[in-house]
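Trainee: Sequences are here, hints too, so could you generate the full structure?
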Amino acid sequence: MRETEVLSAPLLVEYPFTRTVGPVQSAFFTALREGVVLGVRATDGSVVCPPVEYDSFTSESLSELVELGDAGVVTTWAWVTEPRDDQPLDHPFAWALIRIDGADTGMLHAVDAGDESAMATGMRVRIRWADDREGSITDIACFEPEAT
Amino acid sequence: MTEPIEVSAMPDGLWSQPAVDTAAIDVLGGVEPVRSIRTPASLTYRYTPGLSQSRFLNAMAEGKILGERCPQCGKVYVPSRGACPVDGVPTTEPVEVADRGTVVSYCIVNVEFTGRGFDIPYASALVLPDGGDIPLFGLIQETSHEDVHVGMRVEAKWKPPEEWEKSLENIEWWRPSGEPDADPETYRELV
Amino acid sequence: MMRDVAVVSTAQTPHARRVEDRNEVEMLMPVLEAVKGAIGVTQEDLDFTCSGSTDYLAGQGFSFVTILDGVGPYPPIVESHVEMDGAWALYEAWVKIQTGAADTALVYGYGKSSPGDLPRVLSRQLDPYYTAPLWPDSVGLAALQGRALLDSGKATEAEFAAVASRSRASAQANPNATISLDTTAEQILAEPYLVSPLRKDDCAPISDGAAAVILAADDRARELTDSPAWIRGIDHRIDVHGLGQRDLTDSPSTRLAAEKAGVADAPVDMAELHACFSPQELILREALGLGDDVDINPSGGPLSANTVMAAGLVRVIEAADRVASGDAGRAVAHATSGPCLQQNLVCVIEGDD
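Chains as they are written, first to last, in the numbering used here: chain E, 788 to 935; chain S, 10 to 200; chain R, 2 to 354.
Hints were generated in silico from the structure; no laboratory data involved. The C-beta atom is built at its ideal place from N, Cα and C for all residues, glycine as well. It is possible that some hints are incorrect.
[Said to hold, decoys possible] Taking lysine to aspartate or glutamate and the EDC-like style, the derived pairs with C-alpha atoms no more than 16 angstroms apart in a straight line are: (1) S/K166 / S/E151; (2) R/K201 / E/E869; (3) S/K168 / S/E155; (4) S/K166 / S/E181; (5) S/K175 / E/E792; (6) R/K97 / R/E260.
[Stated by the list, open to error] Computed footprint of chain R on chain S, listed as stretches where at least three residues anywhere in the stretch have a Cβ under 8 angstroms from a Cβ of chain R: (7) 59–73; (8) 126–138; (9) 153–164.
Mentor: Structure (structure tokens):
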């Protein structure tokens with residue numbers, strides 16, 4: 788057979804997903820829309836944020852909501868120099884796990900620190916709220932270093 | 010025989026969750042609760058159909074329908090994906106099949122959903138091209154849908170050659186060829 | 002009473018950076034032909050077929066169905082698929098054999114990651130409510146784990162670089178590797194970060210390819226090969242899925258899977274670990290309880306060839322091949338799935354004696 792001219796073409800795969808939320812997540816996203824962060828109390832008394840519907844270790848249904856602060860501590864971070872589409876920021880930023888004040892677990896989000904040298908494990912960061920909030924994790928636009 | 014278990018007798022928490030006490034959270038009072046979140050996703054790729062299907066599409070641009078023969082069972086697959094699904098071996102021998110064939114199955118479509126303005130109702134069909142062993146999917150036109158039947162002989166209606174691309178869309182539809190019905194032996198395995 | 006199950010045949014493609022000309026079935030078929038041909042079996046001789054793949058890699062809906070053309074699935078075969086690495090397809094096939102419903106099984110894993118942006122595609126496996134909407138890339142998440150490991154004092158960047166350097170050097174003996182290099186740890190440490198604290202060399206390449214094994218039980222294994230590689234233990238466990246709920250410096254699921262698979266029952270000669278980022282190899286060694294005398298990733302590991310959806314199965318292949326050839330007596334193969342070693346499979350492979 789003579790040499791085959793192999794073809795290629797761009798392919799776009801798109802999904803407009805909408806996902807329903809249960810009672811715990813409904814409370815969390817409603818509160819976010821209103822500018823407040825909630826956690827949930829786990830079986831062992833610790834506070835999980837973002838909250839889960841069932842205890843991750845005992846599988847019991849969880850229902851006790853806890854109001855948390857709007858700032859927290861970075862427990863680990865990574866510096867992104869070339870952001871990809873749809874990420875929280877379009878200039879270099881840090882991914883981080885942030886333990887919101889009052890919670891015992893970390894929330895994954897972005898920190899707009901400006902420069903890698905401004906990031907450190909243990910630093911305090913504060914929520915920058917999105918201008919338009921609809922009840923989504925992106926109601927938190929990102930975190931920023933807490934002003935000293 | 011044991012009684013079927015009522016759903017309501019299932020262990021707590023399986024079909025329902027305890028109510029979450031939102032009364033303790035001031036900011037949740039009197040506001041419409043979030044019931045769902047939008048999570049659109051969009052991913053882009055560079056797709057290749059591979060060697061076999063590229064050969065098929067390239068041949069389409071030349072007005073040819075190209076299949077490939079399995080070296081073990083001898084069947085001609087069109088379009089070919091590069092493998093014989095019976096023997097699990099590569100199909101490598103190119104075989105040009107005719108642009109006329111036999112209707113081996115069809116359905117009458119009563120709903121306009123393509124947006125291409127065909128008269129409703131119309132017939133879609135599986136057409137076994139002469140020389141091939143599996144049928145192509147296509148539209149039947151230039152005849153009443155009531156005339157379409159298994160065994161009917163049809164020929165491809167191509168777009169004008171200057172409009173040909175590397176696409177099966179070069180064949181706009183299939184129309185009666187005027188030949189007498191095909192001998193059922195020629196399509197016995199497919200019905 | 003557990004049946005003895007062995008790997009009796011293996012095959013893999015060279016793991017290329019891009020397979021741009023062939024589609025997935027054209028890419029997989031030579032591997033299936035080789036794995037069956039090596040022991041002279043046909044599809045009719047195989048009681049069960051199980052595959053691991055995900056359509057999201059190449060954006061091809063139902064890819065795992067259309068690829069069956071290359072298996073020869075007619076007359077109808079008994080077949081299953083997992084939306085996971087082929088190592089989990091192997092687990093399902095092993096279970097099938099344990100139930101007595103099969104004596105032989107064909108297992109394969111394949112992936113074409115090159116058509117898409119892999120770190121972006123992998124974000125679709127994350128928690129859809131709290132994490133996926135942020136579109137975190139896989140490298141960024143692995144970097145979080147890397148920094149946590151550095152902060153804990155359990156490892157240094159020099160140790161990351163040493164893993165990378167050793168892996169790429171070992172790959173020079175592997176004809177199927179995507180990359181193999183002669184760089185020292187010092188040279189790697191001098192490079193800029195990709196996503197700090199990870200450098201490009203700390204990260205697996207992106208490869209296209211396929212791999213397959215044939216499993217057989219008891220006497221059937223001995224009929225098919227003179228050197229069966231026996232699976233003496235196999236288990237898989239998963240950690241809590243919330244990244245912020247985990248201690249990223251440890252892998253409890255790997256530790257538990259290793260215990261259940263019996264890793265510590267006898268000395269281990271070598272281990273093939275599915276660590277796609279150098280910090281993860283250090284975490285896995287510790288969780289598996291592997292001492293300094295264990296030869297880690299003699300194939301070069303995922304840092305040298307990373308066909309997503311096959312790389313875990315390739316770890317089993319690299320371990321089984323060395324056991325079958327007599328280069329190793331007792332080997333551990335590990336496979337992982339999800340961000341930051343979320344889910345882990347551990348397999349212990351031994352030769353006769």
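Trainee: Taking the hints in turn, state whether each one holds.
Mentor: We went through each hint and held it up to the structure:
| no. | hint | in the structure |
| --- | --- | --- |
| 1 | S/K166 / S/E151 | holds, 10 angstroms |
| 2 | R/K201 / E/E869 | holds, 13 angstroms |
| 3 | S/K168 / S/E155 | violated, 25 angstroms |
| 4 | S/K166 / S/E181 | holds, 6 angstroms |
| 5 | S/K175 / E/E792 | holds, 11 angstroms |
| 6 | R/K97 / R/E260 | violated, 22 angstroms |
| 7 | 59–73 | holds (count 4) |
| 8 | 126–138 | violated (count 0) |
| 9 | 153–164 | violated (count 0) |
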